[in-house]
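Colleague: Sequence:
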Amino acid sequence: MKKILCLVMLLNLILCSCGSKNKTNEIKPNKKSVDISEILRDTNGNEINKFNLDYAVGWNFDINDTVNIKKENILYGCTVNECHSTYKIMYSDNSYYDRKAHQDGNPYLIWNENQYEVSCKNNLNGIIKVFNNNISFFPFDEYNDNFMQVSARNEENLEYCRGLRVLELDGEKYMVQSTEISIISENEFEIKEKFPEYEAFSSEPLYYVGSIFFDKIIFSAKSSKENEDISTSEINGFIQSLDDIHTGTENPQTGK
0 MKKILCLVML LNLILCSCGS KNKTNEIKPN KKSVDISEIL RDTNGNEINK FNLDYAVGWN
60 FDINDTVNIK KENILYGCTV NECHSTYKIM YSDNSYYDRK AHQDGNPYLI WNENQYEVSC
120 KNNLNGIIKV FNNNISFFPF DEYNDNFMQV SARNEENLEY CRGLRVLELD GEKYMVQSTE
180 ISIISENEFE IKEKFPEYEA FSSEPLYYVG SIFFDKIIFS AKSSKENEDI STSEINGFIQ
240 SLDDIHTGTE NPQTGK
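Under numbering that gives the first Met the number 0, the sequence shown has 79 at position 80, and the numbering climbs by one with no breaks.
Treat each hint with caution, since some may be false.
Pairs of lysine to any residue residues, derived as SDA-like cross-links and limited to a Cα-Cα distance of at most 25 Å, are as follows [unchecked claim]:
| hint | residue 1 | residue 2 |
| --- | --- | --- |
| 1 | K87 | G76 |
| 2 | K215 | A100 |
| 3 | K70 | D92 |
| 4 | K191 | L241 |
| 5 | K193 | N122 |
| 6 | K128 | D214 |
| 7 | K172 | E158 |
Read the hints as simulated data drawn from the structure, not as lab findings.
Computed from a prediction, not measured in an experiment: that's the story for all the values here.
The whole structure should be built from the sequences, with the hints applied where relevant.
Modeller: If you want it as structure tokens, here you go:
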């Protein structure tokens with residue numbers, strides 16, 4: 000019974016770390032702390048240092064909170080194939096243990112990784128960006144049917160993502176999702192093959208209305224430091240070749 004109660008306390012701690020009921024994902028210290036180190040062991044008696052949950056935690060501007068992303072969920076017409084969030088257990092003998100915040104010496108959790116992967120059956124429409132020898136893609140915004148961010152939902156990330164939501168091309172404004180997808184090809188290619196006007200050392204990016212067929216897209220956020228929650232995020236979209244990139248799709252928001 001004691002072990003069951005401790006496991007329940009651990010689960011509550013995990014949920015607090017995920018911020019499922021906290022709009023900014025700020026983790027507030029508990030008034031009471033419980034030493035659960037004795038139950039954090041595998042069947043061989045070794046300390047458990049990490050564990051995965053079978054869902055990711057996400058957010059976007061369609062909702063005012065965070066949600067759990069699970070397998071088979073549909074996001075922007077794409078199916079979630081894989082998802083997880085990883086937590087690291089910090090013990091007092093770890094050199095990165097935050098003794099100032101945890102003076103009792105009890106274990107605590109670090110939100111180490113947050114990730115999901117989708118596959119898409121159809122081309123995605125949006126804005127293609129070519130800059131600094133890279134191609135990236137902003138899907139058009141569809142209210143209540145957008146991809147989820149996996150970074151922590153805090154004021155810094157909210158402000159940054161708001162700045163990505165409107166792009167202007169040839170005097171026309173486009174509402175896009177704040178998920179800038181970096182394009183990764185299975186085969187090497189030269190950008191000028193697809194975009195002959197591209198100049199490698201240009202100070203300004205090129206933008207095109209277009210569509211892309213992705214084999215898969217991976218949304219991932221990780222800790223940049225040993226003793227901090229997730230802080231850096233990236234989105235990678237995988238294609239077979241430049242033939243999967245198409246330009247000239249009309250703006251669905253204006254029909255032009």
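Colleague: Hints first: check each against the structure and report whether it holds.
Modeller: Hint-by-hint comparison with the structure:
{"no.": "1", "hint": "K87 <-> G76", "in the structure": "violated (33 Å)"}
{"no.": "2", "hint": "K215 <-> A100", "in the structure": "violated (40 Å)"}
{"no.": "3", "hint": "K70 <-> D92", "in the structure": "violated (36 Å)"}
{"no.": "4", "hint": "K191 <-> L241", "in the structure": "holds (11 Å)"}
{"no.": "5", "hint": "K193 <-> N122", "in the structure": "holds (17 Å)"}
{"no.": "6", "hint": "K128 <-> D214", "in the structure": "holds (19 Å)"}
{"no.": "7", "hint": "K172 <-> E158", "in the structure": "holds (19 Å)"}
Of the numbered hints given earlier, the model fails hints 1, 2 and 3; all others are met.
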